[in-house]
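Engineer: Residue strings, one per chain:
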Amino acid sequence: MITIYIDNQPHQIREGQNLLAACLSLGFDLPYFCWHPAMHSVGACRQCAVKQFKDENDQRGKIVMACMTPATEGVRISIDDPEARAFRSTVIEWLMVNHPHDCPVCDEGGECHLQDMTVMTGHNYRRFRFKKRTHVNQNLGPFVNHEMNRCIQCYRCVRFYRDYAGGLDFNVFGAHDSVYFGRQTSGILEGEFSGNLVEVCPTGVFTDKTFKKHYTRKWDLATAPSVCIHCSVGCNIIIGARYGRIRRVLNRFNSQINGYFICDRGRYGYEHILSEKRLHGSRIRENGGHKELRTNEEILRHLTPLIDGKRFIGVGSPRATLESNFALQTLVGTENFFHGVPDRDHALVERVISITKMDPTLTPSLDQVKNCDAILILGEDISETAPMLALAVRRAVMDEPRRHLAPKYQLPLWQDQALQEVTQNKPGPLFLATIGKTRLDNLATHRLSAHPEELSHFGFALAHAIDPAAPDAGETSAEMESCVKSIKEALLAARNPLLISGTGLGHAALIEAAANIARALRHQGKNAYLDFVLPHCNSMGLGLLGGRPLSHALEMVSQVDGIIILENEISRSFSSSRTNQFLGAAKTIINLDIMQTPTSDIATLSIPVASYAESEGTLVNQEGRAQRFYRVVPENPNLRESWSWLVEMMALIKNQPERLGKTPHEITTKLAQVNPIFAPLLSLVSWGSETQKIPRESHRASGRTAMTADISVHEPKPADDPGSPLAFSMEGCHGDVPGNLLPRYWSPGWNSVQSLAKFQDEVGGPLRQENPGRRLFESTGNPIKNYFAVSEKIKKNNHGRWQVVPLYHVFGSDELSAAGAAISERIPDPYIAISAKDAAQLNLLENSRIRLIADREQFERPVKIISSLPAGLVGVPMGLPGMPYVEPGTIVDLIAIPDHRDNEK
Amino acid sequence: MAAVITKPLTQHIRPDREPLDIKAYEYAGGYQAARKALAMSPLDVQKVVGDSGLRGRGGAGFPTGMKWSFVPMGPDAPRPKFLLANADEMEPGTFKDRLLLEGVPHLLIEGMLISAYAIQAEIAYVFLRREYYQSARVLLRAIAEAEQANYLGKNILGTPFSLELRLHQSAGRYICGEETGLINSLSGRRSTPRAKPPFPQFVGLLGKPTIVNNVESLCCIPGIMQYGPEWFKSLGLTKDAGTKLYGISGRALRTGLWELPMGTPLREILEDHAGGMQPGYTLRGLLPGGASTDFMLPEHLDTPMDFDAVQEAGSRLGTGTMILLDDHTCPVGFVHNLIQFFARESCGWCTPCREGLPWVEKILQAIETGCGESADLTVLEDHCRLLGPGYTYCPLAPGAMEPLQSALKYFKQDFVRHIEEKKCPWSQA
Amino acid sequence: MLSELEKNEIGEVLAHALPGQDMSIDVLAIVQKHRGWISDEAVIDISACLGTTPSNVDSVASFYNLIYRKPVGDHVILLCDSISCWVMGYPTIRGHIEKRLGITFGRTTADNRFTLLPVACLGACDLGPAMMIGETLFTKLDEEKIDHILKEHGWQP
Ligand SMILES: Cc1cc2nc3c(=O)[nH]c(=O)nc-3n(C[C@H](O)[C@H](O)[C@H](O)COP(=O)(O)O)c2cc1C
Ligand code: SF4
Ligand code: FES
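Line by line, the protein sequences give chains H, B and Y.
Residue 382 in the working numbering sits at position 382 of the first sequence, and the numbers go up by one each step.
Add 905 to a position in the second sequence, counting from 1, and you land on the number used in the working numbering.
Add 1334 to a position in the third sequence, counting from 1, and you land on the number used in the working numbering.
Honestly, the hints are just simulated from the structure, not real lab data.
You may find that some hints are simply not true.
Said to hold, decoys possible - Chain Y residues, not near chain B, derived (Cβ > 12 Å throughout):
no. : residue
1   : M1335
2   : E1340
3   : G1370
4   : S1373
5   : G1436
6   : R1441
7   : G1488
8   : W1489
Unchecked claim - Have a look at the derived ranges for each label pair, beta carbon to beta carbon:
no. : chain 1 : residue 1 : chain 2 : residue 2 : range
9   : B       : R984      : H       : R851      : 53 to 63 Å
10  : H       : E475      : Y       : K1367     : 49 to 59 Å
11  : Y       : G1468     : B       : F975      : 36 to 46 Å
12  : B       : D956      : Y       : A1351     : 35 to 45 Å
13  : H       : E860      : Y       : P1405     : 42 to 52 Å
14  : Y       : P1405     : H       : Y5        : 19 to 29 Å
15  : B       : R984      : Y       : L1348     : 19 to 29 Å
16  : H       : I784      : B       : L948      : 53 to 63 Å
17  : B       : G1063     : H       : S482      : 37 to 47 Å
18  : H       : D472      : B       : F1104     : 48 to 58 Å
19  : Y       : G1468     : H       : D367      : 39 to 49 Å
20  : H       : D736      : Y       : A1351     : 56 to 66 Å
21  : B       : D956      : Y       : P1405     : 51 to 61 Å
22  : H       : D367      : B       : G1063     : 55 to 65 Å
Just so it is clear, CB atoms sit at the ideal spot from N, CA and C, and this is done for glycine as well.
So that you can see chain H by itself, here it is in the shape it has in the complex (with noise of 0.2 Å):
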């Protein structure tokens, strides 16, 4: 710690900050631009000038840039001074010169940085007179509104969307008072991470399109701390409703996970939940049509026959909440509880948790993803199945050679433009070994593409080059020989050496084959991690409940009376011959779901349950921690959690009127309770008071007492949420509540995002009191030792076949978030992807049509040729909307389609 002057009042602070995070830190309102927490200070907007003295003697002082100037031992400021208070202010007359004044029309209004820094100095007083430039704005897309003249050029949009994330398709054109942000020409962003650049916009040029179509002020928002779905690592969200309706998402503070960022899938993916496909009436299947059940006394009603005394398997979901599933696990039974995932998932997921249980230590958190040194990623496309992984790998490839030049050459971490000079942005070691290009290619020190038993052959070598004790792969082709020396000792010279892997390809080898290798590091004394990436949002979760492969509720399903399906569409784990077998087998179906699917379709009884904005549950992510979401809008009773119906059901069943709880909060202890591997979500859920809970809505929420005036002039009473922390009310603890609970970020004069800053201790770091979720696991304290045995050999030939390699896409693969209008945009049309030499032999060309013939599935799609893809594999797009499931791996016949078009003329 040191000692810091400002306006002669000494501070204590860390060392190694500048001056602008170390204000703010301390509380003080200093006002800024174009320092960003995460993505540090460049000195661009001069907005953050304060007067630094030489010593107490020194009356005059300098002005410098708060966040350009470290904070020293000794140093002395004033914020307070005249010179640097005229300053500042005039640098928002300045910025006021040609922005457009249109606050009462802009949707940053009410949660405007630039409105908040204009307060803050105090400049109020127009006296620029003259014409004001003008910008044409472009459409960028499904995602991201684009209002050129309100800019200010802060130059924040640019380096988040390049240099943080590395997008290509954006950048900043012009000079002098005429330089604009924008694509090179009107057109959709590419970027997954695009949607980031309305919170990082300090004013309104960048703003939610989707938000946009039911548009609300912020302070009109009720606000709840949620969680993503959408993939598995489970970045923190902030979701808004008003009136019962969703609005929009934005990002939410965890300090281990997703820090000030999250990715287009999982701003965006909430409008499933507004999408037409969504369920809202329940319906019976009677005398061959369907009867609409409007009350949950119909619904019992029809309900009770169905399952009076009978015996039902359930298939669980893995985007079900803990709670959900522990309730459905209940009512059937251990034993005739199934995953609802292809059973290569199951079997991988459950290969994966044990790994993970074995040594927790090796399983990194987000953040300590971004300092690891040298990473190798196995056969994971993780920018398509979990981009703020691959985001959080871009800065650890990035930021390596900072971590490591800074100290030479006497800088500090965050002199943001000084290091890009000093590192020429060259990224440090990255590997990749995937099947295909990935968009983290361009950061790659070597990559190499492969068949996915080649890539596994490929870890195991490496493992045991690392560590002659792990087991040997056998005979390694020359080039591949060459690849696991330098990447080997790449991985040797660096501390926290980093082995990414998933389930993605479907391959448990490749699993295995990653676990050596972090174990033999290990071995050699490294620091070194091991990340998985899982299917979904809580595959952690539905594995560590237990329960059978999906084929084997196929063998069970004629035995039993039917099905209870949990959040979960069939056809998404089976092909279509065995959805239609397993479906058309049970007697009876019910099927609990948010959205309309087939499955819901042709259930006989298709309950409407709350989506993850309407509900509050536990979800476990990829690396074994537990988070709790809570609900935004007050239960519907005509959308009741899932939970709630499998209690139900379970008084009817079962004949027995065992209580698991009556809310979430006590579903969740009694899962702690029953399952010991769950008994740390009671320090998630607890919370002391029933009193004094956090307001979902903000204090100066309008509308309270008008909103249902049109059906009675009394107000409401606000909505019950028993066990919650929060509260459906304007009043309630609004101060020091933890971290994790805030339900927005909101402070005096501070309105915008940007006041997350005031509820961390220090700018960056955690926030106050925060709890990050839980990890499950607990370090067993002696560290695995053993080695997988080297499960496969390389199959060189299919003869004249293909076999089945999944791949994946942010927009399109997982289930929910393809359903929301704006991302449906964003879609890839279904296709079947052959190599370029494949293409060839085949005579096809991009587009024209083929048939894949697998056992129990054939289909027809167009082509795309992709040329980074090893011949002999064919690609088949994972979940997106028009293909079914083939299992990875499968070996398949491909037959062109002759074009007709010719004949057509």
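With chain H's structure known, arrange chains B and Y with the ligands on it following the hints.
Structural biologist: Relative to chain H, chains B and Y with the ligands alone:
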């Protein structure tokens, strides 16, 4: 021998003749200095230049030897190292480097060779503004000749030292002349300046140690090498060493450039060399060293034109090329023209410059066209203060404020008259 | 599409690039030399040949004033509008050229022969007013001289 050389920069320039080719240049004693330097150790060469007292001719007057001394030397120094000749000359009113570029290209090449040797740079660039096509032609020819004669290229004159000299023709923008902007531009980027530290001497072009020197500074080097630091010091009339290219533009009888001893009094330059004002014109003031220097007044005519004396007179020597303001020219229009240039050339990175200069420009235009308001003067004065050094990211905007601030000091009445009379007193209408 | 000639010249420049050096400015200059200006299509072609993105190339291209992102006439007149030339009569010269060609700054004559642009100090301050057409510098301009120069460049009254 040394004593007779009094115009080391221009001695070989004949305005109406082609520049000396390499043969003629060698015949006249050219490249002897380079030979001498190559026989010395790089650090000794640095010392000679340091001892000579040479201060940079690019405007800031930073001691050249000291600048070089920061470059990491020795076998562990990062490689390659770069020497960049700043031939961007875009400062309005400045036309001195062009004379050297077109007149004695081999002097620049020799100066660069010695300088590159002194810092052990293996790659050198001439960063030339594109409009100087004639300079480019002359330089390219000279570079080819020098390569042929092994003054450039591998193992120069049989020594282990190698130097590759390249020419870059800029695509415009005054900010390219700022050394870090220049480096960015050479790397193929937008020419926004960089914050220092790190200084280019450590982290410059492509992240490697880099020295940027003005053309005139570099052209001083051969003489210093050949005749020694004492000779160079003795050239100056005052504390500052060497000769200087002084120029005069505007309503003088003979506008032009003269190589004179450093510290030559302003009056001598204006009256003896430029022949005084054109008949009918009276001097009201002048910018002593390009568009980004403060006005000097006729009362300052006895100032010796060196770095310190000009500073004492409230301005900067800058580039030493003076622009005259005469009594037929409106001072407001004059300053408006300057600010218009700076506003257009702002790189757009920092707020005060990007937004402040266009505002000042609009106000000056309003005043000039009779639409000024008295409150405008306050806004102008605010800008003079708030666009000062330290407030902005680089020296462009503070430079722009120098003529404005001194104009407001010396010619305030003219501004007031515009506003009160609602017209320009100089306009014909 | 880049022409063979352009490709060759670009190849020459790229062969001399230092590791990490982006040659887009030089490449833009080559293409502009052949076509007079840089069209959107040229931006795309250049980015492809540099292995970068159009936004990268345009970000640089749009910064520099001597890279033209709009079509220009056969002759680009760069008229110095800086201080020394201004003192020496630039306003009159500008007015005269504008009257003769019937265009203002930033415009191209209808016959596509001339484009008139302001340019910062050409370093001919002692010889002002000055202007440049192509690679040729013209100094000590007056109305008569301008008429002569324009005629030489194909201007018909
Ligand atoms: C906006 C700006 C423009 C400049 N333009 C030039 C220029 O055209 N030529 C030049 O030699 N120096 C120019 N300089 C000064 C350079 O930054 C640098 O100081 C100089 O080239 C160093 O050379 P010297 O030490 O030999 O003087 C400029 C500085 C600024 C701030
Ligand atoms: S003062 Fe600022 S905007 Fe102006 S040229 Fe320098 S960095 Fe660019
Ligand atoms: S925040 Fe410090 S200059 Fe922008």
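Engineer: Now look at each hint and say whether the structure bears it out.
Structural biologist: Hint check:
no.	hint	in the structure
1	M1335	23 Å, holds
2	E1340	17 Å, holds
3	G1370	15 Å, holds
4	S1373	17 Å, holds
5	G1436	23 Å, holds
6	R1441	18 Å, holds
7	G1488	21 Å, holds
8	W1489	22 Å, holds
9	B:R984 x H:R851: 53 to 63 Å	59 Å, holds
10	H:E475 x Y:K1367: 49 to 59 Å	57 Å, holds
11	Y:G1468 x B:F975: 36 to 46 Å	42 Å, holds
12	B:D956 x Y:A1351: 35 to 45 Å	38 Å, holds
13	H:E860 x Y:P1405: 42 to 52 Å	48 Å, holds
14	Y:P1405 x H:Y5: 19 to 29 Å	60 Å, violated
15	B:R984 x Y:L1348: 19 to 29 Å	22 Å, holds
16	H:I784 x B:L948: 53 to 63 Å	58 Å, holds
17	B:G1063 x H:S482: 37 to 47 Å	42 Å, holds
18	H:D472 x B:F1104: 48 to 58 Å	53 Å, holds
19	Y:G1468 x H:D367: 39 to 49 Å	59 Å, violated
20	H:D736 x Y:A1351: 56 to 66 Å	57 Å, holds
21	B:D956 x Y:P1405: 51 to 61 Å	56 Å, holds
22	H:D367 x B:G1063: 55 to 65 Å	59 Å, holds
In the structure shown, a violation is registered for the earlier hints numbered 14, 19, in ascending order.
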